[in-house]
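K.L.:
Put the two chains together into one complex; each comes in its own frame, and the hints tell you how they fit.
For the protein sequence lines, the chains are E and H, in the order given.
Take the working numbering: the final residue in the first sequence is number 245, and no numbers are missing along the way.
Take the working numbering: the final residue in the second sequence is number 322, and no numbers are missing along the way.
Please keep in mind that the hints were generated in silico from the structure rather than gathered at the bench.
If you only want the chain E side, here are some residues facing chain H, beta carbon under 7 Å, derived:
{"#": "1", "residue": "Phe89"}
{"#": "2", "residue": "Asn90"}
{"#": "3", "residue": "Phe92"}
{"#": "4", "residue": "Pro104"}
{"#": "5", "residue": "Lys107"}
Going by beta-carbon spacing under 10 Å, a handful of chain H positions derived as facing chain E:
{"#": "6", "residue": "Gln222"}
{"#": "7", "residue": "Ala228"}
{"#": "8", "residue": "Gln235"}
{"#": "9", "residue": "Val240"}
{"#": "10", "residue": "Arg247"}
{"#": "11", "residue": "Phe318"}
All figures in this text were calculated on a predicted structure; none of them were measured in a lab.
Ideal placement from N, C-alpha and C gives every residue a C-beta, glycine not left out.
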Amino acid sequence: MKLEVTGLTKCYGKTRALDGLSLAVESSRVLVLIGPSGGGKSTLLRVLGGLEIPDAGTVKINAHPLLPDAAALQAYRRRNGFLFQQFNLFPHLTARRNIALPLEKVHGHSPADAHEMAEQALARFSLLDHADKLPAQLSGGQQQRVGIARAVARPPEILFLDEPTSALDPEMTAEVLELIQELAEAGQNIILSTHEMGFARAVADQVAFVAAGKIEEVSPPASLFGAPQSALCQRFLSRVMRY
Amino acid sequence: MTRRQLIANVFVALALVALAGWLFTAAFAMLGTRTDWSKAWEYRETLWRGWLVTLQISLAALLGSIFFGLLFMLGQRSPLVVVRWTCRAFLEFVRDTPLLVHLLFGYFVIFAPLISRPLGEQGFDDKLIIGVLLLSVFEGAYLGEILRGGVESIPRTQWESARAVGFSPFQVYRYVIFPQALRRVLPAMAGLFVSLIKDSSLLNVIGVAEYFYNTKNFISRSYAGLEGYVPLALGYLILTLPVAWLSHWLEKRFRHET
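Same shape as in the complex, but just chain H (with noise of 0.2 Å):
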């Protein structure tokens, strides 16, 4: 560092730690002394409760979105036109709708009358299936554009040296393409698992109880504002920290070894 940049660095420093005080105190002013940690404690059963939910959530739904998102993937590299275009209608369908509305449509329009009762008389959470199903779905069809892209950027010398040693067309994706394709596509796959368990606290729209519900709740008949939402973002953070450091270990273990 020039000492011209020593001096910039300092004083933008300077200038952003101001800033970020002066917002603070000022909305800790308007608080005032109705911030009461004491109310989140009594809460504390609801709130891990739903933190658990929503840890349930986010891991049920990253192997679904795995699941969906190999089949769109080879949905779209099928051999037969008519797959392929009916998978890429889906998918545009899909990226181009909000999740919000998956959700709700999904919910209460589709998945709700057919199968929410066979699901409660089996004792299961319908809504938290059903949930877990749509937004699966979702981050499938996301998951299946960073996979196809992964899977055609491998150059076709690598294809035919695969089959030209014998690989069958399975083995040529296990052996060969997927161990290089992943490597490409660790970043992208990481961001979309951490946006899944983010996007997973909408589920509160169709009722499931889940993190994000259950601090809703809290807040609302406590009159919580601070106490509510500082929880409900470290809650957030312990689940999507790990995941991005995962990932850039991850990626710096394979760089070194390319």
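If we strip away everything but chain E, and leave its shape as in the complex, we get (with noise of 0.2 Å):
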């Protein structure tokens, strides 16, 4: 995918959580959004993803402008994918019906297509043996797992993720992360944030060091963690990989 943001601003009252962002990334399957916490990561991700209309700027996704409308911007979500920290499931919805009622509603699947693509989705990440059970009666890791399967069930343009495994244990950070790769590698278009530097360095193929609500440094992770160009961003990644 190519992206083309100029001059991205969004305040929250007095906070200016993204400052004139711009970024450009010519090509990219896996984008990466690392640095500090409250420096725009998450706000920029839900401009991406057409969850927040900018108070000034520009978004071209693959020369494609997202319109500041909020119809044109429903339809956008529907073709893409978004996953939060947590809690993205529906708690009153068994596993199976959090994947199958979007399918139908907002797809207009017939119900038993929609169940169906739910299995599917469900049994791709080895999930079937908890169709059935409520969101309270699965682990974080699991949770998470379910919410990328619903958003990959009818296969997305690009799917967001905003610190998926920021609410999770080692353990289950690890189960999470195994699934993100294994959709990466199949040639999912990806954009995410995360604070886990070793997944950033292994799955993207560029990475955005955000910090203050403006873009400090684009490149390939390579480049990004083996000589860092940006004072803050040497500071931060020092800081992060001291343990």
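P.N.:
So, in structure tokens, the structure goes:
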């Protein structure tokens, strides 16, 4: 995918979450956003995912501009997938129903088709045993995997993942990261933010360092992690890599 | 139960029975032999008709209050500030003034002069219709607040996830927010519906021939006392108890689910 972002600004009250952020990526399949908490990763991802309308600036994805219009954004969200840190699933529905309901109501599949597609999505990530469980009966890792299964049950153009493992313990983190890597290797377009540097390095083809509402640096993982150019990025990496 | 608790329970139970027994004996002694249940039997048709009207009012106002409740809830969540404030002010007014005043003012001052005649000409009972409308608005104001509380108690992430999977604003409410919110507010809603049934008795002030109105007439015509009040209480219990039971049952069912 090709990404052109110019002058993106988004304020929440007095905080400038995005401060004239610009980003140009010629072609990338897996773009990973790293950077300090509160630096604007989530907000950028939410704007790119069509969940938030920026105060100023433009976004073009594959040469198509993102229009600041509710109906256009809804159509855009329907083509893509989005996963949050946690509580993605609807707690009153079983895992299977969580996947089947949007297929039925958003994408217009018949109930039987939706059921079948949900079944396949669950089977793909070996979650079939949990199909009839409610989210509360699943572990955090399983919940995130069902969340991903829902997002990709109908292959999305781009899959957005906002710190998908931040709320998980190390073991569950590994189980979710493995799944994301699988998707990446299968050719899925992904934009994700994470604090897992090792994972970012392994899975990304472009890494962007976001701090204070701006992009400080974008480059392939080998050069960004090997020889970061910006001082902020150097300091951030030396801190997070120390332990 | 420990031994001490057992003794305490027995003791309190005995005291309560004694108190109730004394109250009833004293009351019946005053009434003496004047209690005559055949009077109630004579008026059974009027009472039965009144009870049926109360049942109709309750059902109609129940539906009406759901309609107004949803309207007020959505009004308060409107993106237009004018709509939000108007809704807020109206709800505040309705909730802070007595239903009796709404009925008298609403019927005699507002609606009767406006639509009584056309309704009558169409063959409708104007008092009944206006009464149900006013009752629906009153209970709807409370229901609107209950629903708003329920909807606002659903965490932000649920709204976001629902939008993220591509639901339209209507679908977000229909498939994600309402099913969760309703479970949370069910006990409060059942309580409100029980109130609604009881409040329907106030419609007697505008002359709707419902259960209380007919019983009151029966009492004043036949000088009945107990013969009127006991069936009155029972008649309302028959309507309210099923609602209360249903809500307890639903509550239990949903508790197991989540």
